[in-house]
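S.K.: Spelled out, the chains give:
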Amino acid sequence: MDKKHIWAIGGGKGGSGKSLVAANLGIQLAEAGYKVIILDFDWGGGNLHTYLGLSTLRKTMGDYVLNRVANLSDVCIDTAVPNLRIICAPQDFYPFSGLFSQQKTKILKHISALKGDFIILDLGPGSAYSILDLSLISNCSILVTLPEPSAIENSYLFMKRLIHRRIAQIIRPQNKIHLLTRWTIERNGNENRDKHIGEFLSYLRQVDSSLGKQVEAALAKINVKVILNQVRTQEDVQVGNAISYLARKFIGLDVEYTGFIPFDNSVNIAARKLRPFTIYYSESKAAKGLSSVARRLLA
Amino acid sequence: MKKTDDLNDYEILDVDAKADAAEIHMAYIRARQALEPGSLAHYSLVSEEEKEKLRVKIEMAYHRLMDQKKREEYSNRYSKDWETPNKITDVSSQTQNLEKMGDKSSILPKKKHGNDITEQPIADLNTASELTVKETIGRKIASKIEKITLLFLLVIGVIGLLLFIRTLFPQ
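Just so you know, the protein sequences line up as chains C and V, in that order. Residue numbering for the first sequence follows our numbering, beginning at 1 and increasing consecutively. Residue numbering for the second sequence follows our numbering, beginning at 1 and increasing consecutively.
The reader is advised that the hints may include incorrect statements.
Stated by the list, open to error - Partial list, computed: chain C residues near chain V (C-beta under 8 Å):
| no. | residue |
| --- | --- |
| 1 | Gly212 |
| 2 | Asn241 |
| 3 | Tyr245 |
Just so you know, the hints here were simulated from the structure itself, not pulled from any lab data. All residues carry an ideal CB built from backbone N, CA and C; glycine is no exception.
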C-alpha cells in the first residue's frame with residue numbers, strides 16, 4: 001500500500017463502539033507494520049486515549065486550535081504500540097462542530113498533511129455538518145452500529161445526511177442550493193416522507209443536466225462501509241446484510257457490510273483495566289472479529 | 001443512483017447479469033430476510049407501503065430470473081440500458097465462524113515489538129485531574145483577556161471614527 005488512507009469512523013449513535021473500534025483497528029494496522037495516526041473528534045467527550053491506556057493528556061487538538069503549536073502533527077502523542085500515534089480531543093472544550101468555520105477548515109486541510117499510512121478519524125456521535133465534512137474528506141466512511149433499532153436508525157440518518165451534505169457542497173458554490181431547497185419543500189408539500197435521493201437527481205437532471213451528472217458522479221464516489229458491533233446471534237449477523245441491501249434500495253447509497261464484532265465480555269474486562277482488548281485478549285472472539293473486519297477493509 | 005422503481009430485476013436482487021440460479025436464490029433469500037416483518041434493519045426507514053412494493057418486486061424478479069425462458073426474454077429486451085450491479089461483499093466466512101471465532105487464521109499478520117502495551121504504566125489520575133483544572137482556569141483567563149482586548153479595540157475604533165467624522169464636519 002503506497003497511498004495514505006483516511007478512514008472516518010462514525011455512525012451517529014453514541015456508545016456504539018466507534019472509539020473502541022478506532023483504537024483497536026489502529027493497533028491491528030500498526031502491528032501489521034503500517035504507520036497509523038488516530039484523531040479523536042469527540043471534543044468534550046473523547047475516550048480514545050482511555051482505550052489505549054493513556055490517562056493524562058498533555059497536549060490535545062485544542063492546543064493546535066488555540067495556536068499554541070504550529071502544526072497538527074505537534075500534538076501527536078506516541079502510544080506504547082510502535083507505529084501508532086494519537087491526537088486527542090480536548091476534554092474541557094466546546095464540541096468540534098462549535099468551532100469557527102476557519103478553524104474547522106484549517107484542521108480539515110491539515111489532516112491530509114499528516115504523515116502516516118493510515119489516518120483514522122474517530123468522529124464521535126451525531127451527524128453535524130462538521131462531522132459529515134470529516135467523513136467526506138476520507139477515502140472510506142466506516143459506520144459502527146449495533147443490532148438495535150435506535151443505533152440502526154441513526155446510521156441511516158447519517159447516510160442520508162452524508163448524501164445531502166455532499167450535494168450541498170457541490171451545488172452551493174454554483175449558487176444552485178435553491179434547487180435542493182425547492183425540491184425539499186415541494187416533496188414535503190405533497191407527502192411527509194423522505195424520498196429517495198434518486199428522485200432529486202432526476203429532478204436535477206431535468207433542470208440542469210450538467211450539474212445533475214456532476215452530483216451523481218460525486219455521490220457515486222462516497223464509500224460507506226458498515227461494521228456491526230456487539231453481535232450476539234446469527235440473526236444479528238444478518239442485520240448487517242439487511243442494512244446494506246436496504247440502504248442501496250431506499251437511500252441510494254452503495255453500502256458495504258464489512259463484518260461484525262461478536263459481543264464479548266473480554267472487551268469490558270479489558271476496558272476496565274484500561275487495556276486494548278486486541279492486545280490484552282488477543283485470542284478473544286471480539287479480537288478475531290475485528291481482525292476479519294480489518295482484513296476486509298484492507299482488501 | 002436510481003429510484004427503486006427504476007431498478008431492473010438484477011439490481012432488485014443485487015446480482016450480476018451473469019449470475020447462476022444458486023446465486024440468484026441466495027440473493028433472493030438475502031433480500032427477503034432484509035424485509036422480513038420484525039427485522040431490525042428496516043425499522044423507521046420507509047413506510048409499510050414502500051416495503052410491500054419492494055417485496056412484490058423481489059418476488060417478481062426472482063420468479064422471472066429463475067425461469068430460463070422468461071429471463072432470456074427479459075434480458076434481451078432490456079439489457080442494453082443496464083449498468084453493472086453493485087458488488088456484494090461476502091461475509092459468510094465470518095458468519096459461519098460466529099461460534100468458532102477462536103480461529104487464529106483471522107488475525108492480521110503481526111510484527112513483534114519490544115514495548116508491550118500491557119506493561120505500560122497507568123499515569124496518576126490525580127495528576128491528570130489537577131492538570132485539567134489548571135488548564136481550564138488558564139483557558140478561562142485567556143478567553144476573558146481576549147474579550148477585554150476586543151472590547152478595548154472596538155471602543156478605540158468607535159472613538160477614532162467619531163473623531164474622523166468631526167474632522168470632516170467641524171461645525
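S.K.: So, for every hint listed, does it hold in this structure?
M.R.: Here is what the structure says about each hint:
1. Gly212: Hint violated; Gly212/C Cβ to chain V Cβ min 11 Å, cut 8 Å.
2. Asn241: Interface hint status for Asn241/C: holds (6 Å vs cutoff 8 Å).
3. Tyr245: With a minimum Cβ separation of about 4 Å from chain V (threshold 8 Å), the hint on Tyr245/C holds.
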